[in-house]
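Chain A is fixed; fit chain B onto it per the hints.
Chain by chain, the residues run as shown.
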Amino acid sequence: MSLRDLGIGTKLILAITVVIVGISSAGSVVIYTYQKRSLDEQILERSRTVAELLIQIEDHRLISRVAEEFNKVTGYTLKQTSLEPVNPRNMPDEFEAMVMRNFRENGETEYYAVVTSEDGRRYFRYMKALRTKENCISCHPGYEVGELRGSISVVAPYDTITAAMKRNTLSVLIILQILAISTIGVLYILSRKIVSEPLNRLIREMEGSAREIQRGEEVRDIPVSSRDEIGRLATAFNNLRRSLSESFRRKNEAIESFVYSISHDLKAPLRSIEGFSIALMEDYGDRLNSEGRHYINRIVSSARKMGVLIDELLEYSRIGRINLQRGDVSTSEVVELVLEDNLYEINRRGAEVKVAENMPVLKNVEKQRIYQIFSNLISNALKYNKSSTPEIEVGCMDQGDRYLFYVKDNGIGFDMRYHDKIFEIFQRLHREDEYSGTGVGLAIVKKIVETYGGRIWAESEPGKGSTFYFTLPKEAEV
Amino acid sequence: MKGVVRAIDILLVEDSQDDIELTLRAFRKNNLGNSIHIARDGREALEFLKQVEEGRAQTPGLILLDLKLPGVDGIEVLRYIKSRPSLRRIPVVMLTTSKNDRDIETCYDLGANSYIVKPVSFREFMETVKNIQLYWIVTNQPPVVG
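Chains A and B, in that order, are what the protein sequence lines are.
Just so you know, we're using our numbering here: the first sequence kicks off at 1 and counts up by one.
Just so you know, we're using our numbering here: the second sequence kicks off at 1 and counts up by one.
Simulated from the structure, these hints should not be mistaken for lab results.
Take these hints with a grain of salt, some might be off.
Said to hold, decoys possible - Once the Cα atoms are required to be at most 20 Å apart in a straight line, the calculated SDA-like pairs of lysine to any residue come out as:
#  : chain 1 : residue 1 : chain 2 : residue 2
1  : A       : Lys305    : B       : Glu124
2  : B       : Lys68     : A       : Leu266
3  : B       : Lys99     : A       : His264
4  : B       : Lys130    : A       : Ile278
5  : B       : Lys50     : B       : Thr96
6  : A       : Lys363    : A       : Pro473
7  : B       : Lys29     : A       : Phe276
8  : B       : Lys130    : A       : Ala279
9  : B       : Lys99     : A       : Tyr260
10 : B       : Lys68     : A       : Ala254
11 : A       : Lys383    : A       : Leu404
12 : B       : Lys68     : A       : Pro269
13 : B       : Lys99     : A       : Phe276
14 : B       : Lys29     : A       : Ser272
15 : B       : Lys99     : A       : Ala254
16 : A       : Lys251    : B       : Glu124
17 : B       : Lys99     : A       : Asp265
18 : A       : Lys386    : A       : Val353
19 : B       : Lys99     : A       : Ser317
20 : A       : Lys383    : A       : Ser317
It should be emphasised that the depicted structure is a prediction, and the values quoted were computed from it without experimental measurement.
For reference, chain B alone in the conformation it holds in the complex:
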């Protein structure tokens, strides 16, 4: 059974150009047609989120957040999101290479909704990204935002 495809936007915070392209490609294969906003580092992500708060940008229905970012890192971005009343309900999926226990704990403590270690093999990576999109866009029931 296929759920209702909601036309929600996705914010992808990722510094690796390769990973961005591969992620977009996996999304395309799912054919769900979400519009995707990309932030290349933590600073860009925070700028975009401020625009959202000011109503100058569409509130994303899902945030994919890398942990290891140059400058402002993923933890800081996560802390910001979860501390802002208008952003805190947006599901945040950590998508990172770190398997470090402390990173995992910190993210959940800060209110991350999911923590996923990027698979190293291409095929598994593609599967995982497709699954994330299907689960969070189709299966999961998000709160009303915006």
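In isolation and in its complexed conformation, chain A is listed as follows:
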């Protein structure tokens, strides 16, 4: 699933989530860095201050006392150290010794660093050089002024101090994230209420309306429930729909009246041909020989056939264009009706008709069209059949969202080479005097099936009967 498939609401929420998570993460990093820097400065300042203070104290013993007190209060370790200690307590550790050697060589007075000790813990270490001052000389005459005597060493437990800061930063981060999540949640609900749901409702309404327009039905306005962009969209759609369905209705009316007048104007001369032929037969039949009367009969039957053709053509043109009444249609009832209407022919031929028990009910279909399908297929099965006992089988299979129907016969069958031809309008496989017909029936069936989104095909072999298959959706979409 790509980003393009997501709904507008989801996209907005995603964008907001990314922004908020980004901002809060960046904010946490900034806060953390800032706090760390000020903490480092604070530790340095504290170490430097106490070291400066100690340097001012002349009494060595007092120095030790102050250091002890300081250590107790701060948790730091503050001590004096010397490269040549008199007191073993002032023995330098490795770091101190190294720093003091540097002090002695380059004359620096201060050094600090964060050092990881052997136990893996980090310590902030501060060292201040103790150099001989002038007032020292009076008591220590052998000393030179500025000579390195030792150092004040401050060791601050860096991990412990920064841990608190990390905890603070983490809680800020957590609070930020909670805020972010609740904001996103609220926005999500709002976007559904304000954007997604009204939009989806509108889309459903529009789709329904579009189908109604397509069917040329009376369409009602879709409801306009707000004055925001969605409301304006609905209003715009209503305006579009009105003009569309009006032009659609007019066009359909024009086609229908055109088709009607064509069929009328074509049929009026036929009425005369038939009428005057019959008048001729009635009034002058006795003055004609049998050949003359035969010709008149041919004229009459041709005129009638043309009438049937025009009617069928008219019917063909109406499929899918003119909407008939729709509803639930029981195919078993329809087949029953077809059999009743063909009862005379069925009895005359001694045909055996088997209809499956599981014939389903189709939803939202035009009963007359379903009747036309079965009527054409069943009457064909009877017509194109030379068997002494014509057998017809009507059945159905469930195929998930659609049904597969079939009408099987033991009739004359056809060569599969002509499979596509038989469904074409006015295409026939037989001579008129062998099997009567106009070649419109199967074309009508095909058009109805395809109008419903189904498919029709046949399987056959000359002399071995035919089976016509067609599919129809369980619920027609219209």
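Quick look at chain B alone, frame taken from chain A:
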């Protein structure tokens, strides 16, 4: 039971020669012996009706009026008939190919007494014309005209 066959005249307004002949033939089959005056278009129909008003022609007891006529059409003829005091009571039967709702409404609004769509098949056409004649000449009780 057969009603009394009144010797009334019929005015047939029809432009198609075929339809005129077929209509006459259907009338003949009924054997009611009405005399029939034929107008081939609206103008001819109006001329005849004026003669009737002036007393120069026999007032018809039934008018069969086609709607789609060249020139003056059936609606105009109907409007004329229903607006003339001496003609308005004559039963007018519209006999036309139009199934148009507006045509039907207009005709009834103007006072047409019946509206019949010409059947397209010959047999039904013959039946319909015979029925019209039987109903309006035999069954229906017309007003006294003339």
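Verification of the supplied hints:
1. Lys305(A) / Glu124(B): 16 Å, holds
2. Lys68(B) / Leu266(A): 16 Å, holds
3. Lys99(B) / His264(A): 10 Å, holds
4. Lys130(B) / Ile278(A): 16 Å, holds
5. Lys50(B) / Thr96(B): Violated, at about 23 Å.
6. Lys363(A) / Pro473(A): 8 Å, holds
7. Lys29(B) / Phe276(A): 14 Å, holds
8. Lys130(B) / Ala279(A): Cα-Cα ~15 Å, so holds.
9. Lys99(B) / Tyr260(A): 9 Å, holds
10. Lys68(B) / Ala254(A): 18 Å, holds
11. Lys383(A) / Leu404(A): 23 Å, violated
12. Lys68(B) / Pro269(A): 16 Å, holds
13. Lys99(B) / Phe276(A): 25 Å, violated
14. Lys29(B) / Ser272(A): 17 Å, holds
15. Lys99(B) / Ala254(A): 14 Å, holds
16. Lys251(A) / Glu124(B): 32 Å, violated
17. Lys99(B) / Asp265(A): With a Cα-Cα distance of about 13 Å, the restraint between lysine 99(B) and aspartate 265(A) holds, given a limit of 20 Å.
18. Lys386(A) / Val353(A): Holds - the C-alpha atoms of valine 353(A) and lysine 386(A) are around 15 Å apart, at most 20 Å.
19. Lys99(B) / Ser317(A): OK: lysine 99(B) and serine 317(A) at ~18 Å, within 20 Å.
20. Lys383(A) / Ser317(A): The given pair, whose Cα atoms are some 25 Å apart, is violated under the 20 Å limit.
This entry does not satisfy hints 5, 11, 13, 16, 20, going by the numbered hints stated previously.
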